[in-house]
Amino acid sequence: MRASFFLLGCLAASSVAAPTLLDDVYDYSEDLATFLGKVSTYIEDAEDLFTNSNSCDTSKISLPSYASGLPSPSGEKPIYVAVGRGTQNYTCATSTSGSTPQAIGAVARLYNATCIAANYPDLLELLPGIVYKEQLPSNEEEPLPPANLELLGHHFFRDTTTPVFNLDTTDSRQYGIAITKKQSSLDAPSTAIQGSNGAVQWLYLTTINGTVGDYEAVYRVDTVAGSAPKTCQGMQSVFTVQYAANYYFYGA
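Numbering (mature numbering (1 follows the signal peptide of the UniProt record, and there is no 0)), first residue to last: -17 to -1, 1 to 235.
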């Protein structure tokens, strides 16, 4: 109950502040307008929502329907959901059309969207498209607008094939570390926000030795942008492409 009141309070603050604080950042994009419209509806209907003991109940979390093209969680339970904002990283052997960009990993901050996933999934699917247009806070301890999400962890690669999700962010926030490998992928839907070169794939990852905590699988879904150009023409030897996505963490 308290988690939902806090969430709606944060969303309400963002909604009220939006005309003055967010116009310059987003040019009041269609995604943001839709997001804030839904927020307003939830605020108006808050009394009805909370009579149903609405809370941050992770058992209510489910993957987007399009993720049915990936392996199912197989009895695993959702633990956290995060919106990730960062870069996909690539390398080029030469800066010519004869070279193809090679993926070398990603770096992103992960912000806790678990309660939104449990209570307002239609808001969750909009978040990557909104935060993609947002500069990350200069201080990573600051919340991520427009929903004022707290930092949950960091995403990076141990090597070019080993994605890591470190959710041990502070001494008081020790949520474990998921070390993973890719098991399956799915092209992003045609409705995904493409960016300059297309949206990166949706992924199903499973954890490997070294994982800390009960994590067994991670899904990357609702991807926005992040793909490399088709060739290395005019590109530097190492370059990054901005992206955003939602990450679902499943486990025992």
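Since the hints were made in silico from the structure, they are not lab data.
Being a predicted model, the structure only gives us computed values, none of them experimental.
Among the hints, erroneous ones may be present.
[Claimed, not checked] With a Cα cut of at most 35 Å, we get these calculated DSBU-like pairs of lysine-lysine:
id : residue 1 : residue 2
1  : Lys164    : Lys43
2  : Lys213    : Lys165
3  : Lys60     : Lys116
4  : Lys116    : Lys165
Outcome of the hint check:
With a C-alpha separation of about 26 Å, the suggested pairing of Lys164 with Lys43 holds against the 35 Å cut-off. Straight-line distance between C-alpha atoms of Lys213 and Lys165 comes to about 22 Å, which keeps the hinted pair within the 35 Å bound. With a C-alpha separation of about 31 Å, the suggested pair Lys60 and Lys116 falls inside the 35 Å cut-off, and the hint holds. At most 35 Å may separate the alpha-carbon atoms for a hinted pair to count; Lys116 and Lys165 meet this at roughly 27 Å.
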